[in-house]
Amino acid sequence: MSLVSLPGLTNMIGEISQRHNLPKPAVQEALREALLKGYERFRRSQNLDRQPFYDEYFDNFEVELDTEEEGFRILSTKKIMENVENIDHHISLQEVQEVASEAQLGDEVVLDVTPEQKDFGRMAAIQTKQVLLQKLRDQQRKLIQEEFQELEGTVLNARVLRFERQDIIVAVQSTFGQPEVEAIIPKQEQLPNDNYRANSSFKILLKKVREGSHRGPQLLVSRAAAGLVVDMFSIEVPEIEEDIVRIVAVSREANPPSRYVGPRTKIAVDTLERDVDPVGACIGARGSRIQAVVNELRGEKIDVIRWSPDPATYIANALSPARIDEVILISPDERHALILVAEDQLSLAIGKEGQNVRLAARLTGWKIDIKNTIAHREELENQQFED
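According to UniProt numbering, the sequence shown is numbered sequentially starting from 1.
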């Protein structure tokens, strides 16, 4: 078989792999694609009869690297036809049967179509080099994208780079290709309490990896996602990591509808261990664990409550820190509950601009109405009197 010599091929692959921080198979794949483009350039320059080369014309060609002989071959997959219309894609049955008598029409054969060393000229070599650099960048982007796709939904460290309109561009760490990769925090994923100064660092949740333009994959990250609170508690609370304590539900309002109300989160936890207090485990000694999360979220209020299989108990817990007199399950099928509280607990149960009851409803999945206990009883008495 023919071979176009590439002296030092093995060393070249190793050096490129080290320089670009890419695995050798990725470098070889990039090199094969680049050499194929170089061969395409060579063929176009030799196309004296002006045969049209459409976009997919060279899809049946491939490059075989030979690291032992240090060179490459061009192979073409051709279909056996009775009448050959295109010698690059077809071959006659008679020609094939001279070496393989069992061949039949419609079969495919792989043939060596490697050009002579001298024919693979300077322009083709230049084209190969240019394409190789681009393919290496493509491989880096591909590996970076695959790496971060596996990290979707996890917490990463980020550093502010710059501001683009209302978006914030941050840098996160990557193990491939380059030390840092850019990510975007859209306006709706930012925290009002954050101070996004250049080079300031904080934790973010990687929400989504999208295939980007020539600049590489686009990482969408968040400071407002409920998952950020969940992951941070998992980091701070060993009992969660060890599955002793589990997070059942979380409700977060990172960007309240009013600027007079700050960000707030309610998180429901539970455990199957009788001697473990799940709420206490999340709060930590002297509040150390929950304070670490609060500090990272720039003072966001966080309520850790005990989950219960009993809806009335769960709803009462969810309305913490308010004290509840009674929970009336008006319609369990429609998940509608009436909460009775003392007058001095009414505003606390509802929360500033309704935030507390709103978060409790999201956390429990119940529609919650809150009334003053005395006023409700008087209302019932009046109804009975009228009846």
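Please keep in mind that the hints were generated in silico from the structure rather than gathered at the bench.
We treat Cβ as the ideally placed atom computed from N, Cα and C, and that holds for glycine.
Incorrect hints may have been included.
[Claimed, not checked] With a Cα cut of at most 20 Å, we get these calculated SDA-like pairs of lysine to any residue:
(1) Lys129 x Glu64
(2) Lys129 x His20
(3) Lys203 x Ala226
(4) Lys37 x Leu6
(5) Lys301 x Ser258
(6) Lys367 x Ile330
(7) Lys367 x Ser320
(8) Lys208 x Val160
(9) Lys118 x His20
(10) Lys371 x Leu338
(11) Lys187 x Val261
(12) Lys367 x Leu329
(13) Lys142 x Pro23
(14) Lys118 x Ser5
(15) Lys142 x Gln117
(16) Lys203 x Lys142
(17) Lys371 x Pro332
(18) Lys301 x Gly280
[As the list claims (entries may be wrong)] So the derived label-pair ranges between C-beta atoms look like this:
(19) Asp277 x Gly153: 23 to 29 Å
(20) Arg335 x Pro25: 50 to 56 Å
(21) Ala292 x Asn21: 48 to 54 Å
(22) Arg335 x Arg165: 48 to 54 Å
(23) Gly14 x Glu95: 26 to 32 Å
Hints versus structure:
1. Lys129 x Glu64: holds (17 Å)
2. Lys129 x His20: holds (15 Å)
3. Lys203 x Ala226: holds (13 Å)
4. Lys37 x Leu6: Measuring from Cα to Cα gives roughly 16 Å; hence the hint holds.
5. Lys301 x Ser258: Answer holds: Lys301 to Ser258 is near 16 Å, not above 20 Å.
6. Lys367 x Ile330: holds (10 Å)
7. Lys367 x Ser320: Distance ~16 Å between Lys367 and Ser320 Cα, so the pair holds.
8. Lys208 x Val160: holds (19 Å)
9. Lys118 x His20: violated (30 Å)
10. Lys371 x Leu338: Holds, because 7 Å separates the two Cα atoms, which is no more than 20 Å.
11. Lys187 x Val261: Roughly 18 Å between the alpha carbons, so the hint for Lys187 and Val261 holds.
12. Lys367 x Leu329: Given pair Lys367, Leu329 holds - Cα atoms ~10 Å apart, limit 20 Å.
13. Lys142 x Pro23: holds (12 Å)
14. Lys118 x Ser5: Answer holds: Lys118 to Ser5 is near 10 Å, not above 20 Å.
15. Lys142 x Gln117: Violated. Lys142 to Gln117 sits at ~33 Å, over the 20 Å cutoff.
16. Lys203 x Lys142: Roughly 24 Å separates the two Cα atoms, so the pair is violated.
17. Lys371 x Pro332: holds (19 Å)
18. Lys301 x Gly280: holds (17 Å)
19. Asp277 x Gly153: 23 to 29 Å: holds (28 Å)
20. Arg335 x Pro25: 50 to 56 Å: holds (54 Å)
21. Ala292 x Asn21: 48 to 54 Å: Cβ of Ala292 to Cβ of Asn21: about 33 Å, so the range 48 to 54 Å is violated.
22. Arg335 x Arg165: 48 to 54 Å: Violated - the Cβ-Cβ distance for Arg335 and Arg165, about 41 Å, lies outside 48 to 54 Å.
23. Gly14 x Glu95: 26 to 32 Å: Violated: the Cβ-Cβ distance is about 41 Å, outside 26 to 32 Å.
Taken one by one, the earlier hints fail for this structure at numbers 9, 15, 16, 21, 22 and 23, listed in ascending order.
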